[in-house]
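Modelling step: build the complete structure from the supplied sequences, incorporating the hints.
What follows is the residue order along each chain.
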Amino acid sequence: MITQLVAQTVVNGINVGALYGLAAVGLSLTFGVMKILNIAHGEFLMVGGYLAFWLLTLRGIDPFVSVPLVAVAVFLLGMICYRFLFAGIARFEEETKVKNSLLVGFGLFLIVPQIARLLWTADVRSITPKYSGESFPLLNVRIAYVPLGGLLIAVVVILALHLLLTKTYFGKSVRGTSENWKAAKLMGINVDRTYLFTFAIGTGLAGVSGVLVGLTQALTPDIGMEWTLKALIVVVLAGIGSVGGAFFAGIILGVVEAAGAIFMGPYAVALGLVIFLLILMLRPQGLFGNE
Amino acid sequence: MNRKTSSLSMGKLFSISGIIVVLLALIPLLTGRTDVITWFTFTLMYVTLSQSWNIIGGYTGQQNLGHAAFFGIGALTARYLWLFGMPLPLALLAGSLAAAAFAIIIGFPAFRLKGVYFVIGTLVLAEILRIVFDTLLPRASVLPSRLLNVYSLTPRYYLNLIIAVLAIGCVYWISRSKFGLGLMSIRENVDAAEASGVNTQKYKLLAFLLSTFMSGLAGGTYAYYASAAQPGYLFSAVWTFDAVIIAFVGGVGTILGPVIGSVFFVLIQQLLSLYLPGGIHVLVFGILFILVVLFLPGGLIGLWKKITGPDSKNGGGRIDSRD
Numbered sequence: 001m002i003t004q005l006v007a008q009t010v011v012n013g014i015n016v017g018a019l020y021g022l023a024a025v026g027l028s029l030t031f032g033v034m035k036i037l038n039i040a041h042g043e044f045l046m047v048g049g050y051l052a053f054w055l056l057t058l059r060g061i062d063p064f065v066s067v068p069l070v071a072v073a074v075f076l077l078g079m080i081c082y083r084f085l086f087a088g089i090a091r092f093e094e095e096t097k098v099k100n101s102l103l104v105g106f107g108l109f110l111i112v113p114q115i116a117r118l119l120w121t122a123d124v125r126s127i128t129p130k131y132s133g134e135s136f137p138l139l140n141v142r143i144a145y146v147p148l149g150g151l152l153i154a155v156v157v158i159l160a161l162h163l164l165l166t167k168t169y170f171g172k173s174v175r176g177t178s179e180n181w182k183a184a185k186l187m188g189i190n191v192d193r194t195y196l197f198t199f200a201i202g203t204g205l206a207g208v209s210g211v212l213v214g215l216t217q218a219l220t221p222d223i224g225m226e227w228t229l230k231a232l233i234v235v236v237l238a239g240i241g242s243v244g245g246a247f248f249a250g251i252i253l254g255v256v257e258a259a260g261a262i263f264m265g266p267y268a269v270a271l272g273l274v275i276f277l278l279i280l281m282l283r284p285q286g287l288f289g290n291e
Numbered sequence: 001m002n003r004k005t006s007s008l009s010m011g012k013l014f015s016i017s018g019i020i021v022v023l024l025a026l027i028p029l030l031t032g033r034t035d036v037i038t039w040f041t042f043t044l045m046y047v048t049l050s051q052s053w054n055i056i057g058g059y060t061g062q063q064n065l066g067h068a069a070f071f072g073i074g075a076l077t078a079r080y081l082w083l084f085g086m087p088l089p090l091a092l093l094a095g096s097l098a099a100a101a102f103a104i105i106i107g108f109p110a111f112r113l114k115g116v117y118f119v120i121g122t123l124v125l126a127e128i129l130r131i132v133f134d135t136l137l138p139r140a141s142v143l144p145s146r147l148l149n150v151y152s153l154t155p156r157y158y159l160n161l162i163i164a165v166l167a168i169g170c171v172y173w174i175s176r177s178k179f180g181l182g183l184m185s186i187r188e189n190v191d192a193a194e195a196s197g198v199n200t201q202k203y204k205l206l207a208f209l210l211s212t213f214m215s216g217l218a219g220g221t222y223a224y225y226a227s228a229a230q231p232g233y234l235f236s237a238v239w240t241f242d243a244v245i246i247a248f249v250g251g252v253g254t255i256l257g258p259v260i261g262s263v264f265f266v267l268i269q270q271l272l273s274l275y276l277p278g279g280i281h282v283l284v285f286g287i288l289f290i291l292v293v294l295f296l297p298g299g300l301i302g303l304w305k306k307i308t309g310p311d312s313k314n315g316g317g318r319i320d321s322r323d
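Protein chains in written order, with the numbering used here: chain A, 1 to 291; chain B, 1 to 323.
In case anyone wonders, no lab produced these hints; they're calculated from the structure.
Virtual Cβ for every residue (Gly too), placed ideally from N, Cα, C.
One thing to keep in mind: the hints can contain errors.
Where chain B lies over chain A, by a calculated footprint (3+ residues, C-beta under 8 Å) [unchecked claim]:
#, stretch
1, 97–108
2, 220–232
With beta-carbon atoms standing in for the labels, derived distance ranges [what the hints assert, rightly or not]:
#, chain 1, residue 1, chain 2, residue 2, range
3, B, Trp304, A, Phe92, 21 to 29 Å
4, B, Trp173, A, Glu94, 31 to 39 Å
5, B, Leu137, A, Leu186, 52 to 60 Å
6, B, Phe84, A, Met281, 29 to 37 Å
Dropping the structure here:
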């Protein structure tokens, strides 16, 4: 009985944790490469979730099919936002850039939920295809199809991102720019374009996680901040800029929260935040970072 | 740099402010409309709240996004002490002291965090408190009928007026004192400030104490105003965000900026709520906020000064280095 509980908790934790990881990877990428902390990351996630909701209810498109569509849509949205809001800031020196980008993200965080409220009302929505809620047993543990699919998508997307960053010329330019943008520019890398695509990839990843969030949890216009915080916790746990680390840190956070929820109920979320503050104070390079 | 923020002479400035305060004090006598008095009450509360943020975020340059934590602590403490029978002024003082005491506890570790980490840390801190109090005290605190039966807006209005005037006075003092110069030097360049003999850690902490004390006071006035209050809501990030956007849109790091921002905020809120669903003012203010951050670092005050006289130098609040 108790082993079953433990196993079920771990499975649930991994399912949620994969979402945390996926949400965090995009944030980690933009923060690591551009030194811009996009506080509105969770807003892009929320928009992604609502787009998938729209596609399902208006067009009947299966949410798993709509993942690439939403990814492209939010990618483009991110491009537009970057071009008009962040591009001017990216030129400043480090400290100014961090502060001003934070403030712009903060402004987006105020605006986007209001627009979402106009478009989709404040009602709680969720993406429910016919098969949601169905599950199969595996060694005493019930595995639901939808979170399993989400986990698979998260793994595939992160592997693809990893390959993109390590095996392609674009990935090389991203890594070069993140280490030293001036040197990268001298080597003939188009830093502006690299920033633009990095930011848009970050938001696109947020959009994909939004679809998966909508499949398993409630969608409201106000979930953005919650998910930004979650992603931030994971990024700090993993160490900034560590893409693979972010995914595993997400799973750790998911399992810890799921276990904490059994003993602490609603305080589990607060527990995650307290852990986060402690790490921020005591080990700012993250659990997996080494400096 | 604030020595000549205004081309007006000091005497004129004081008499104008005095006249405005007297006019404000007369408002409850002139009108019996509760909605009008409520707007003014809220405007004044926003003045206090945004001025309190202005001290730490505007003058000292530490973007504290956990301001709601101190507002909430002040509000909750004052509310419960007041409802348990403590005289209101003492309850307000206790609330502010509680907020400042909490600031002492978290100030030392928080200021070890630099730049963006300070911002994230403070944001998360307020969120932790919100979750804890939402869970701990899930039920709204409603005024008992003995107080509801005699509820009147007028004392609430005057309380907010007095505290807002004190808050503006405090920021005025900061802007002209050696202490304030120290704070501004921290904002412009911490290392240079340290090198020229400013004890930056001590100054930051003092600014933080002052800011949180004032924020707790604003919370206390809200606790006195609200006939029903959800404890978790008192810690809601909304209080931080309102303070930040008001300060920025008005003109961050100036004395009058938060005042003008508050008037503008409540005005837009009320005007828009006549025609559009609630919350649209946040949309409008969010857009204004982004525009200010990107194009108009001095806020409305800065705009006004640009229009009236190109030679009067904008008082500060610039957090970019474009000049």
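List of violated hint numbers, smallest to largest: Structure breaks no hint.
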